[in-house]
Amino acid sequence: MGRVVNVVVAGIGGQGALKASDILADAACRAGHDVKKAEIHGMSQRGGSVQSDVRFGDKVHSPMVPRGEADFLVVLAADQIEVNRPALRAGGMILGPELFDEKALPNRRSLNVALLGALSHHLDIPEALWLDALRAALPERLHELNEKAFRVGRETAARLTR
Amino acid sequence: MEKKLLSGDEAVALAAVDAGVALGTGYPGTPSTEILETFGAEGGRARWAPNEKVALEVGLGAAFAGARVLVTMKHVGVNVAADPLFTAAYTGVSGALVLVSADDPGMASSQNEQDNRRYAVAAGIPMIEPSDSQEAYDFLLEAIALSERAKLPVMLRMTTRVCHSMSLVERRGAIAPAPPPTFVRDIAGRVMVPAHARPAHRKLRARLEEIRRANETSPLNVWRRGSTSLGIVTSGIAWQHVQEAARTASLFRVGTVYPPPIEALRAFAKSVDRCVVVEEGDPFLVEQMRIAGIAVEGKPEAFRFGELSVDRVRRILAGDATPEPAPPRATPPRLCDACPYHPVYGTLKKLDCIVAGDIGCYTLGVMEPYRAMDTCVAMGASIGVGLGLRHALPEAEARRVVSIIGDSTFVHSGLSGVVEMVYNPPPTGHVIIVLDNGTTAMTGQQEHPATGRTLEHLATSRFSIEGFARACGVPQVHVVDPVSEADGFEKLLKERLAGNELSLIVARRACVLAAADIRKWDKENAERAAACAAGCEVR
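If you're matching them up, the sequences are chains A and B in order.
Going by my numbering, the letters in the first sequence line up with residues 1 to 162, in that order.
Going by my numbering, the letters in the second sequence line up with residues 163 to 701, in that order.
For the record, the hints were derived by calculation from the structure and aren't laboratory data.
Any given hint could be a false lead.
[What the hints assert, rightly or not] Simulated coverage check for chain B against chain A, where a stretch passes if three residues somewhere in it have a Cβ under 8 Å from a Cβ of chain A:
hint, segment
1, 320 to 326
2, 400 to 407
3, 464 to 473
4, 487 to 495
[Said to hold, decoys possible] No farther apart than 30 Å at their CA atoms in a straight line, the calculated lysine-lysine pairs in the DSS-like style are these:
hint, chain 1, residue 1, chain 2, residue 2
5, A, 19, A, 148
6, B, 682, A, 19
7, A, 59, B, 165
8, B, 166, A, 19
9, B, 166, A, 148
Glycine included, each C-beta is placed from N, C-alpha and C at the ideal position.
Extracted from the complex, chain A is given alone in its bound form (with noise of 0.2 Å):
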């Protein structure tokens, strides 16, 4: 059995971290691989902690990640990451909203998109695969913004890893 890559995404309910999981299951789906996605609705909306896990690989059995076996943990607060580290694994990758100043992104809101962009920059989905993932999950005159977003996160993991 192929590698299973397992990425963690964790915010507050309302910052946008399921859609960011969202995004990042559609890219991997179109990169050709077996894809799954857990989470938990409900009240989580009501302003409590959110966390939804993406895994991909060849043949992906259990849709959540094991402790202590995600590969990154994307995190939209900073107060969620402590939360969320038990899920990492040794060596495994922290990126949170700490990556970015604030006046580097369009808004925001745009902080979950900026997040997948730096994830991006670690994982093996074409570029295009993920902008086409962007605009299918997102209303039409959010697409520009959020490709900005994008970039400005790819851009930041770069240049953080050169």
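For chain A, the structure is supplied; the task is to place chain B on it using the hints.
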């Protein structure tokens, strides 16, 4: 066909479309809600019923007529629908009737974690259980076919992870349509007086035995041969965890949960040195197997609670009884900042009320800073529990008791509580506050009879909460806006608590999350009505 990333709920809805389901009905409840919403959005005839019992009864009638029907609800909803369910097993159906029970192990958004596989046994209803979205799609088609073949209602059991996880689904294309509905009289088969019910029960048991025999070789069950030292019997989402946690073991996945393929399971258990049942929730399959005299190992009691995961399955298989790591301390949900219920809970706290609460967003009034809820048990229970407290408590305390119930919950199962209040009034009277935010907010803003709009947000007759209370004979019925008339609300509540008269106060103000949509739908409906008045064709 191309594969699409879908939730289990969406997959069930698309299967219902492809199966030619003529009617989908149910009551919103996490994690089942999206099934009917998607079915409606995909062109299916989808309806919200006032509660699960009515939904099942409407579904049963349609299936008596020969239609294919889908009825959806969360696990606790099946409790509400249980009365017709048990006897529907005796009457059977002429078309197809599939009841989706969406269970919530771990209680992501529920008041208990009951395991509804027990209902299949108790009622004598065949049950099948998928483990991902593709199976949710395939199993719904299979459930429709089985229901038509066996002439029985069939339960499709799902759980939170299967409902809400997304995985790839390939649609099969439409299946052959059902014959057009027609009424065929069958008095002995559908009028369950004792003389008819006695033979009907025997017939049901004979049918279940036939299904059990067919289940022994059903393709919904999977026997995957591996190492003979360890064999694992599993079902539902646990099947996915097990495949990852035990790559070399022999595996038996039970898709036909009830009646289980007991002889196949006996043969499987015999083929391995150690046979362990790994299942989420109650020890259901373990008990079924042990009753049949099959020696199997179950999971330790600690794993009855909460969801399973790959980690927890590894622990079960390793016999690891060390304490599990504590789950992360997540930020709990709370009332939205602009929620119109804030002033209500502020007042209840200030007046030190004893609050019999109910189920919905407003249950969050139990959180800080209010802590203004003293009971929450079941849909509609606020009224009965409040009345009981009033009957039993000494007068000074009885006067502080208030029942709090949301608009959708009130329509769901608060109505008979009002009748009880009028019929058996406590000596100090009682006060019911209906928190009417114009939507079923907690489950994601679904319509209900008191919004006056259908599932698809089209205009229909509006059930009047205050009109109902007046018609029941409640002497004091008031409607207030808890935000713009906050002072008036407090004054009114004080006055009603001091008196001995029965009171119902509707605290009416739209949910902040739904208000803009409600305005939009009402405007569109008004435009439609105007266009129709001007002579267009009524759709």
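Hint check results:
Given a C-beta distance limit of less than 8 Å, the hint that chain A covers the segment 320 to 326 of chain B holds, as 3 residues qualify and 3 suffice. Using a Cβ-Cβ cut-off of 8 Å, 4 residues of the segment 400 to 407 of chain B lie near chain A, which meets the minimum of three, so the contact claim holds. As drawn, the segment 464 to 473 of chain B meets chain A at 3 residues by the rule of a beta-carbon pair under 8 Å; at three or more, the given contact holds. Look at the segment 487 to 495 of chain B against chain A: 7 of its residues bring a Cβ nearer than 8 Å to a Cβ of that chain, three or more, so the hint holds.
About 17 Å separates the Cα atoms of residue 19 of chain A and residue 148 of chain A, which keeps this hinted pair within 30 Å; it holds. Between residue 682 of chain B and residue 19 of chain A the alpha-carbon distance is near 24 Å, which keeps this suggested pair within the 30 Å criterion. With a C-alpha separation of about 14 Å, the suggested pairing of residue 59 of chain A with residue 165 of chain B holds against the 30 Å cut-off. Only pairs whose Cα atoms come within 30 Å are accepted, and residue 166 of chain B paired with residue 19 of chain A is accepted, the gap being roughly 17 Å.
Only pairs whose Cα atoms come within 30 Å are accepted, and residue 166 of chain B paired with residue 148 of chain A is accepted, the gap being roughly 27 Å.
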